[in-house]
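Asker: Sequence lines, in order, name chains A and B.
Going by the working numbering, the first residue of the first sequence is number 13, and it counts up by one from there.
Going by the working numbering, the first residue of the second sequence is number 15, and it counts up by one from there.
Source of the hints: derived by calculation from the structure; they are not laboratory data.
There may be inaccurate statements among the hints.
Listed next, the in silico EDC-like pairs over lysine to aspartate or glutamate satisfying Cα-Cα at most 20 angstroms (straight line) [said to hold, decoys possible]:
1) Lys54/A - Asp218/B
2) Lys323/B - Asp64/A
3) Lys323/B - Glu17/A
4) Lys54/A - Glu436/B
5) Lys66/B - Asp179/B
6) Lys54/A - Asp217/B
7) Lys68/B - Asp90/B
The structure presented is a predicted model; accordingly, all values stated were derived computationally and were not measured.
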Amino acid sequence: MTLSELPAFTAAIVVEVRDTAEGDAIGRRLRELGFVRGEPVKIVGRGFLGSDPLLIQIGFTRFALRRAEAARVVVERN
Amino acid sequence: MDSLTIALVGNPNCGKTALFNQLTGARQKVANYAGVTVERKEGSFTAPSGRKVKVLDLPGTYSLDAMGADEIITRDVCLGKREEEMPDLIVCVADATNLRLHLRFVLEVKALGRPMVVALNMMDAAQQRGIKIDVDVLSRELGLTIIGTVATKVNGAADLVAYLDRNAADHIAPEIVPDDLHAEVRRLLDMAVVMPTRTSKIDDALDRFFLNPVFGLPLLIVLMFVIFQAVFAWAAPLQDGIEGAFGYLAGLAGERMPEGLLKSFIVDAVINGMGAVLVFLPQILILFFFILILEESGYLPRAAFMLDKIMAGAGLTGRSFIPLLSSHACAIPGIMATRSIPDVRERLTTIMIAPLMTCSARLPVYALLIPAFIAEQTVGGFLSLHGLILFALYIVGILSGLAVSWVMSLTRRKLEYPLMMELPSYRLPGLRNLALGLLERARIFIRRITGTIFAANTILWVLTTFPGKPEGAEGPAVDYSFAGIVGHAMQPLFAPVGFNWQICVALIPGLTAREVAVSSLATVYSVGAADEGEAASQLGALISSQWPIATGLSLMAWYVFAPQCLSTLAVIRRETNSWKTVGLTAGYLFVLAYIASFITYQLARQIWPI
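This is chain B alone, in the form it adopts within the complex (with noise of 0.2 angstroms):
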């Protein structure tokens, strides 16, 4: 069969990304290489004579000097030293309208010695900027083949397409490359292109706008505002639909079902425990909607740019801000965008504070416990003081998260963090890119959701449901189960916090996310509600008149800082590939919240008297 390999690579910026999704349109698959955590990017197109073509996205890197994991692995592939199969063909991506910095890389990929072709990407945009590239002078000097691709434009890469379907893999890059790579660049570029006088005009302008130094950062804050408020206002009515949904599903299998176990399996673990997540998922993709188009724009840089001193002073760099800003949605797609730190240890820092952001899930709880303890008033006139108190939370939990990372940063050696970030030029996004980039995410969390997740649930149906309730017995079943034997068993190590044992048993099943404890609470309570809204607002007047309001601030400070939430510690592990990293994780966590809340409970029990 006429099969192909092809690689792609190419600097940071070069547009590889956009590239890779014109060739293969959504048929990809997105894995880590073994062993190690950079993302393994595959997909493939069948070529106009029927030639099969896979397609390898390595990782974009500025030279292959073997400095970090992602340098190592497109080296490594590009040798065939992986376990993977060689590509028959590297294409090397280069921006057209950055070659003094993309053609140093162009040079290095040839020195492998390998087949190869250059994509010179971006030709219009070099074009527009009256950049004038002789390709013919340029080919016959750098000794290879180049062809002119656009990839944010419909048939862009035809061209590419055509070559890789006629020979391809039979022109093997001449590997004498001279030592001082710069030198060549140079010379390269006096014979081949013409530069204009003036940079990027547009490019100017929006930088002196977005970076001024007055209204830069308000701007930003503004910004992030807006999105918050999408995020939450957007995907109100699209959780509704699910959730309206699975209780449809739910309540379905519940009347045709017949008594019994397997009923309880289906209807409690798989259809409302899968519920409760994907619940989640229109907040994750409006979210990654903005991040994308923040990103694909060129503004995410800038961001990171204005906050990198704020960042500095916790011990890390403006690069964290963009997964600490996904946090706030989730702490899943958060962790999963600290790929784009190339420090290990910041990235690693960053992961470990990462779930100290204030996700959605949190919210259902905070709903919860902010008006069944604290009565609403007007404060300065028209300011709710639910809305402060909500909005304190989220505070707390920034600044716990930078002062963490502060203290992470005196644990180690005096070493600088490099920023030495590449700020490229504004683009318009493209929609397919948008388009695929969603995609791409939703499938990444479903497929969580339908592996880790469900593990998860069943095993906490299994803690909840066995062993059954004893004939004639009191109190709701869950009381009985395992879970409520450890709920109580637990019950004297949180009674300093001011725990109730409904509280400890809720907590168990809660621990597979956030959310989940509002429904174990009504579970316990016995509250028998249809669905979890109406199970909030009855069981806020149960709790409100049965807690004291020390324990209800107790339970506020714990989930602030409580690692409630099982997928949040399986994507770290298989982000770290480290059970260690999860582990101190969830112990600081842990132990942070144990001591916000003792001291909560402490101090409130003085205001409030029991």
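Excised from the complex, chain A in its bound form (with noise of 0.2 angstroms):
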């Protein structure tokens, strides 16, 4: 499933960031900031509207990221 996917507070495990697009910078910045395979994930918060933004934890570090970046990034429940 897809971080966007992802029910809140249910840790999960990044397996990887998809591309949309060749040379995808979202993609591309997403794993500078430290979505890579391994890494402990969880949703801790979200926005009034839709539910977008999603607030991620990430390790110790916590990020907004909208849905279409969420759902870039495919990950594993544990």
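Using the hints, put the two standalone chains together into the complex.
Answerer: Set out below in structure tokens:
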């Protein structure tokens, strides 16, 4: 499943970041921010309208990701 | 002479700026890098041995991958590829509480193969959270010297200063860095760092509170409301003081100096012209005081998080919220605050709509026009109609800004702006950083007054003073000046929106700053009043008897949109390096102003026939 589909406060592990196109800048930035295989992630908060953006905890860092951005991250529940 | 140049680099939120402040104190210079709109911060200090250390604070970036202007600058300065001198030593700042992210950047910098040292910052916070770092092991495995710092504490950088004072710069980082940076980070963390099993409970609790789905947003709105109240209420006595001081100076010059051009120049262009703008300094500082507190505490990114969806509707992201909020005090700091937006197009859109936010310079104009043309009454038992109209003008400004941004988003290719924003841990703001931040804003503002605004005032003084009034002529002198001539020539163009020639003449000096239009109108109508407040009250009575209601309302609509502020245009030019953007912004704002005034005037004429 993708990070955007993960239920809130459910622990998961990053499998990979999938680029939506060749040289996807957002995908690359996500990897730079630490969304790489094996990292523990979970959703710890949501925006008010349409649950967008998502508040993601990865390791000890928190990021606000839009759903479209989070949909690039493939995760696995553990 | 014994000197050393160091460059501070690091991820955003690593405490780099706090460390820079700690090292250099108030000895800072802020400028732009040549050719790009990336802020260049430089400072210096003298180490105990007398060694002079120059410190460059490079922009915070997540990587050196040259995606944005900040990253290119950081990489190029480190490699000595820009014209300024190459730093002797790179100090890579890493947040001890966030090593998983920051070590990756340390490895990237290490790959540059330049002399470097790691400042492991926020060691105190790491200890508090139970993060155990074996600095010796980490140092050995990285092959780099590591120095612990606490940038927010007095003497928290003492070890770093001592290191810089000793050897430094002779330790070149080994260039060999593994391909997979993340795997290397994990290896280092496994060897040298023991993480607590739980995340920071304080952050969890605060986020659950501030980002609460039910009252998170109302809380933000209440917070904004309190800040605006404070900006206007606290600033008022200070502003009165500044006005009083400049009034006294103008009076003194008026009495002591012989009649003539020099006196007119000193009183009108220098003292009154500068005073009219300097009077906004208290508001700007109070607003920035709050913005800095919200920023340092970590709340602002949360506000951006909550508002992202709303801003997305207008084709922006939550990041634009902060500059647009600042623009309500003054578009100038607002436009400068767009530097925090990494996406170039989003930044440009934000800059272009910032002048639509109701800045405090519009208040004197609204304060003149609203009571002059609309009878005060109580609405719904306790609300003032005047207050409601003022509020409505603010809302119109915000909505039209979002509408313009939405229209602009239609014209470009369908590309999403990334949000991907780090929400740092909550922190208590440090007083020293607050004070230095405010000092920097005050400096920038005052430098602009003595530069751009002074030049504009001088030109306008010439336009409104020459040619002088002929002997025995009737009416105010400004009527015969270049500005008067232009004003009269403009009048036919503005007849459809209901402006008379007096308004047209006042609009020209009113280009320097919006509130100048009030004193200019007073001049045109030859109102002999001592200060702006008195002029406004006399002028209000005068124009309400002489202008049709439709004209008054039309002028209000004009001020919602018109770019009647040369300083804003000047700062847009400086921030974007493009006259085209300045022209586009001024152009669309004038067109909107004209259309809004036209509709207002024509509608109002139907309701209140002239």
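Asker: If a hint holds in the structure, say so; if it does not, say that too.
Answerer: Here's how the hints hold up against the structure:
| no. | hint | result |
| --- | --- | --- |
| 1 | Lys54/A - Asp218/B | 13 angstroms, holds |
| 2 | Lys323/B - Asp64/A | 6 angstroms, holds |
| 3 | Lys323/B - Glu17/A | 18 angstroms, holds |
| 4 | Lys54/A - Glu436/B | 15 angstroms, holds |
| 5 | Lys66/B - Asp179/B | 9 angstroms, holds |
| 6 | Lys54/A - Asp217/B | 15 angstroms, holds |
| 7 | Lys68/B - Asp90/B | 18 angstroms, holds |
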